[in-house]
Amino acid sequence: MAAQTRPWRWQFLFYPLILVGLLILPLVVTNEYVLRIMIMIWIYSVACLGYNFIMGFTGLLQFGHAAFYGIGAYTTGLLMTELGFSFWPALAAAAAVTFIFGILMGLPALRLRGDYICLVTLAFGEIFRVTMQGWQSFTHGQMGIVGIAPPSVFGFRIVSNFHFYYLGLAFVVTSFLFLTYVANSKIGRAATAIREDELAATCLGVNTAYYKVLCFSIGCTLAGVAGSFLAVFLSTIAPSNFTLGETVLMCIMVIVGGLGSLPGSILGAACLIFATEFFRQVYEYRLLIIGLIMVFVLLWHPQGIMGIRAWQRHEAEGGD
Amino acid sequence: MAPLLEAKGVSVYFGGVAALADLSMTIDKGEILGVIGPNGSGKTTFINVLTKMYVANEGTIDFKGERIDHLPPHQITDKGIARTFQNLRIFKNLSVLDNVIIGAHRHIRTNFFSLFLRPGHHLSEERKARRQAMELLELMGLSRKVHELAKNLPYGEQRRLEMARALATEPDLLLLDEPTAGMNPGESMAMIDLLRTVNQRATLLIIEHNMKMIMNLAQRLVVLNAGQIIFEGTPIQVQKNERVQEIYLGKEET
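If you're matching them up, the sequences are chains A and B in order.
Under the numbering used here, the first residue of the first sequence carries the number 1, and numbering increases by one thereafter.
Under the numbering used here, the first residue of the second sequence carries the number 321, and numbering increases by one thereafter.
No lab work stands behind these hints, which were simulated from the structure alone.
Some hints could be false.
Chain A stretches covered by chain B per the calculated footprint, using a threshold of three residues with CB under 8 angstroms from any CB of chain B [said to hold, decoys possible]:
hint : segment
1    : 206 to 215
2    : 249 to 259
Pairwise CB distance ranges (calculated) [claimed, not checked]:
hint : chain 1 : residue 1 : chain 2 : residue 2 : range
3    : A       : Glu82     : B       : Gln395    : 43 to 49 angstroms
4    : B       : Lys399    : A       : Phe274    : 23 to 29 angstroms
5    : B       : Pro439    : A       : Val130    : 40 to 46 angstroms
6    : B       : Gly506    : A       : Gly21     : 36 to 42 angstroms
The beta-carbon is built from N, C-alpha and C at its ideal position, and this holds for glycine as well.
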């Protein structure tokens, strides 16, 4: 992994320091608005970590990430409001359901060539959103699911932004460690081998179909976990939370942060969330500005802030 | 003794053209077999058929007494056949060490579940794979470059890296597609010595255009032309054979 290709010694100190800073932050900054922004960064970070595992590590195109984000959110929301589940079992169920949907989506899609995967996953994302909109009896359509109860940790109810901040941070750290562990195992190596050269990977005994589906599903599961957290944080979810625009936003976060870099995903999420908030004054031009950010990143630093490879190469070689 | 690999009546057609026509050959355990022939004679196609990159239209392939021609490519590697490519296919953006460790994929038993249920087992397997990869890189003379990105190695070292990676699968049979392509004479000579060392670990099938090198190295040569074996024998017999000379030098006008 990247761990062996770059000098990482300084980062062993660097990451704990950042973590300490982030732990202290809400004690210093008590502004609710800032805290909400930070929480949104945590949610997007978890989703983007998964996204990066699919696109940056395994080299697969995915344009239905918001659908998996949504599946996680809806699973949690429905289980908690309809069946009275508490958060943690609902979270586990959301992870399991997105993992299974990842496999179901991956099995047919990943047999296709790179650019077609893109179309199939894109279609899946839209089908999901339209289904959630139309299935009134099950999902309350456009109204969405309301009144999702706040979670509790060991009997301690998470209600304020201050609490959600720490819970979100815990999710990010856990997801980060989880993916770092997986990425440095046989699975992560198989994933990067597939990204670099699928044919050569096959010839080294890697069952590429199996690992593509597995890694795709792992990435989707993290989107589901992020969605699950989103559901309890907002307490209301609707199809409009899971549009194609969300997928595009996450995609830009991953590219800006750097394909193939897990810390980059978090950094990318932070940059884009700050940017969208910063330009809230000129709301109509927000997407234009984000687009410009992406163009400049691709022109001047195509591998993103912390990435190890350029987006162009990825595009040219697709998933073949 | 049964041969290590036995191909019987293998034919491959591309459209109407036969890239391999009813080709049968055996490879014995421990030997260095050279496959030579003009461009387009089907040498690389044969390797591609053995590793299931192409599906043969006809014929069977037995490896260690077991039919393998119906297996998918990664399972063929599991059986103990590894290969290198004519146009290098190393993992450019990974470190030299990671390139080789990926070769150990089939020896690492950890899966997604045992990764979390038995982390200790996972770590010991990783350490073992890493140690073996270091040994192979030492053998290939790359031990000082383990942390470099593969794409930053000079060409000759990339070739050796690809070979180390294939050896990490611990193959019984290693298929080498032009291991000295693009090398200067000095590098080619060094490669001969290296391949003799590699031969202690695996049976070798080598495709080569460099006659001097292959005559020096191989114990047995198979000469292909237009998808058929036209001659088979020791390097000396091949050199003396008139049909082989005809193919390489053209027919003498009478």
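Taking the hints in turn, this is what the structure says about them:
no.	hint	verdict
1	206 to 215	holds (count 4)
2	249 to 259	violated (count 0)
3	A:Glu82 to B:Gln395: 43 to 49 angstroms	46 angstroms, holds
4	B:Lys399 to A:Phe274: 23 to 29 angstroms	54 angstroms, violated
5	B:Pro439 to A:Val130: 40 to 46 angstroms	42 angstroms, holds
6	B:Gly506 to A:Gly21: 36 to 42 angstroms	56 angstroms, violated
Violated hints, listed in ascending order, are 2, 4, 6; each of the other numbered hints is respected by the structure.
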